[in-house]
Amino acid sequence: MNAAGFPLLSLLTFLPLAGVVAILCIRGDEATVASNSRWTALWTSLIVFVLSLILWFQFDSSVVAPQFVENLNWLPDFGVNYHMGVDGISVLFVLLSTLLTPICILASWEAVQTRVREYMIAFLVLETMMVGMFCALDLIIFYVFFEGVLIPMFLIIGIWGGQRRVYAAFKFFLYTLLGSVLMLLAILALWYNAGSTDMAVLVQKAVPSSWQYWMFLAFFASFAVKVPMWPVHTWLPDAHVEAPTAGSVILAGVLLKMGGYGFLRFSIPLFPEASQFFAPMMFALSVVAVIYTSMIAFAQQDMKKLIAYSSVAHMGVVTVGLFTFNQQGISGAIFTMLAHGVVSGALFLCVGVVYDRLHTREIARYGGVAKVMPSYALVFMLFTMASVALPGTANFPGEFLVITGAWKSNGWVALGTGMGMILGAAYMLWLYRRVVFSRITRDEVRGLLDLSPREIAIFAPLIVLTLWMGIYPSSFTHVWEASVAALIERHEAALAVPRVAGL
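Oh and the sequence shown: position 447 is 447 in UniProt numbering, straight run, nothing missing.
Be aware that a few hints might be false.
Mimicking SDA-like on lysine to any residue, the simulated pairs with C-alpha atoms at most 25 Å apart in a straight line are [as the list claims (entries may be wrong)]:
#	residue 1	residue 2
1	Lys408	Pro269
2	Lys305	Leu155
3	Lys305	Leu382
What follows is a set of in silico ranges between Cβ atoms, one per label pair, in the way DEER data are often shown [as the list claims (entries may be wrong)]:
#	residue 1	residue 2	range
4	Met419	Leu72	44 to 50 Å
5	Met381	Leu174	34 to 40 Å
6	Thr234	Ile26	38 to 44 Å
7	Ser438	Asp60	48 to 54 Å
Treat the hints as calculated values from the structure; they're not laboratory data. Every residue, glycine too, gets a C-beta built ideally from N, C-alpha and C.
Make a model of the complete structure from these sequences and hints.
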C-alpha cells in the first residue's frame, strides 16, 4: 500500500465493478435503462481516471522498487499472493487504460443502440481486467487478469460488431487463448522450481539454464499473439474490421500492449539467457512484420484494415526496441507503445466519425471530405502526421529511440526498422489524400456534418497528449528511466553469472 496505507490500486482495479453493480440495479423502460447505463458507465470511468491521476502525481520516479504495494496471502499453501504494485514501467499503462475507457464510452454514446446495458457492463469489466493486469506482481494474478480481458472483448466484438463478427470474435479468442495455455504451463513450472509465483521471489531465485529456453518459448507463444507478431498476426485485421469503433480503440490502444508489456515485465527479467539467445529471432520476426505488413497496408481498401496493419508494423518497432537490451531501445519501445495507444486509438475514432455518417469504411467511397468537414480534416491530419512519426508528434521520440538503440545492436536491424517509417508515411499519406483531398464524387459526401461537440470532447485529450508527447517527451521518459536502468543492470548481471544446469 502507499504511505497512508490506502489500497489505491485495488480501488482503481475494482471500482469499475461497482459501476457494473449500479448498472444492474437500474430499472425502467428500455430508453431509461440505456440512458442511465451510459451515464453510470461514464461517471464510473471518469472517477477511475481521476484516481489514476492521483496515482501518477504521487508516484516517485526516482524509486526503482514497486510503489503503492499491496501484498496479501491468497493461496499461502501454494505461494500465491494477491501482490499488486506499480513501477515506472507500468504506471503509465494504467493511466492509458483509464484514459481510453471513458473516451470509448463517449464514442459509443450514439453508435450503440442495442443492449446498451450489457455493452457498458462489458466495458467496465474490461477496464477492471486491464488495470489489474498492469498492476499484478504475481504471475497467477497476472494470468487471471491477462486472460480475463478476453471475455468482455470477445463479447464486444461478437455481439456489437459487423457482419462477420462471430467469425472475428472466435478467431480472436482462440488465437489468444491457445497461446496462453503454454504460458500457464510455464507458470506452473516456475512455481515448481521456486515454490512461489510472486515476481519478487522468482527474480531472486534464478531459473536454471536448461529450463530458460523452454520457458521463454512458452511465454513467447502467448505474448507474440497479443503483440501481435508476424506470422501470428492474422486475427488482428479481422478483429479490428468487425469490432465496433470503441472496441477497435481499446484493442489497439491497450490490448496490443499486453504482449510487449509481458515481454518487458516477465520474459526479459526471468529468462535473461534465453532472451539474449532468442534476440536475433525477435529482430528477424519484428523487421519482417514492419516491412511486410506495411506493404500489405498499401493494398487495403478498408480504412480500418489499413490502420490495423499499420498497428502490426508499429508493434514490430516495439519488439525490436525491447530486445536491444539498452536504455535507448527499451525506453523507445515503452514510449512507442504509449504513443501508439493514443494515436492508433485516435485514428480508429477518425474512421468511426465518417463511418457513423456514411456506414462504409471503403476508401473509394470518400473524397473531398475537407470541403465539408474542415475541422475533421484538421484532426485527421494531426493523427496521420503522428502515425508517420512527424517530429513534434507522439510517435517520433519513441521510434527515434528504438532505431538508435537498434543501431547499437545491429545496423541492419536499425535499417529495416527505419523502413517502417518510410513505408508508413507512404500508405498513411495515400489514405489521407484519397479520403480528404480528392474530388467530391458522391452526393452523400456533400451532406456530411462536421465534428459535433461530443466528438470534439473525445478528440481534445488525445490531441493534447499527441502534441505533449512529441514536444516534451522527457516528461514521460523520466518516469521509467530508473526502472529501465535497473532492469538492464539486472539483465547484464544475470548473464555474467554462470547458471547451474537442471533443477
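Evaluated hints:
1. A distance of roughly 21 Å separates the Cα atoms of Lys408 and Pro269; the hinted pair therefore holds under the 25 Å criterion.
2. The straight-line distance between the Cα atoms of Lys305 and Leu155 is roughly 20 Å, inside the 25 Å bound, and the hint therefore holds.
3. Between Lys305 and Leu382, the direct Cα distance comes to roughly 20 Å. Compliance with the 25 Å bound is thereby established for this hinted pair.
4. Range check, Met419 to Leu72: about 49 Å between beta-carbon atoms, so the 44 to 50 Å window is met.
5. Taking 34 to 40 Å as the suggested C-beta distance range, the pair Met381 and Leu174 conforms, at roughly 38 Å.
6. Between Thr234 and Ile26, the C-beta spacing of about 40 Å keeps the proposed range 38 to 44 Å intact.
7. Checked against the hint of 48 to 54 Å, the C-beta distance between Ser438 and Asp60 comes to roughly 52 Å, which is consistent with it.
Violated hints for the displayed structure: none, as all numbered hints are satisfied.
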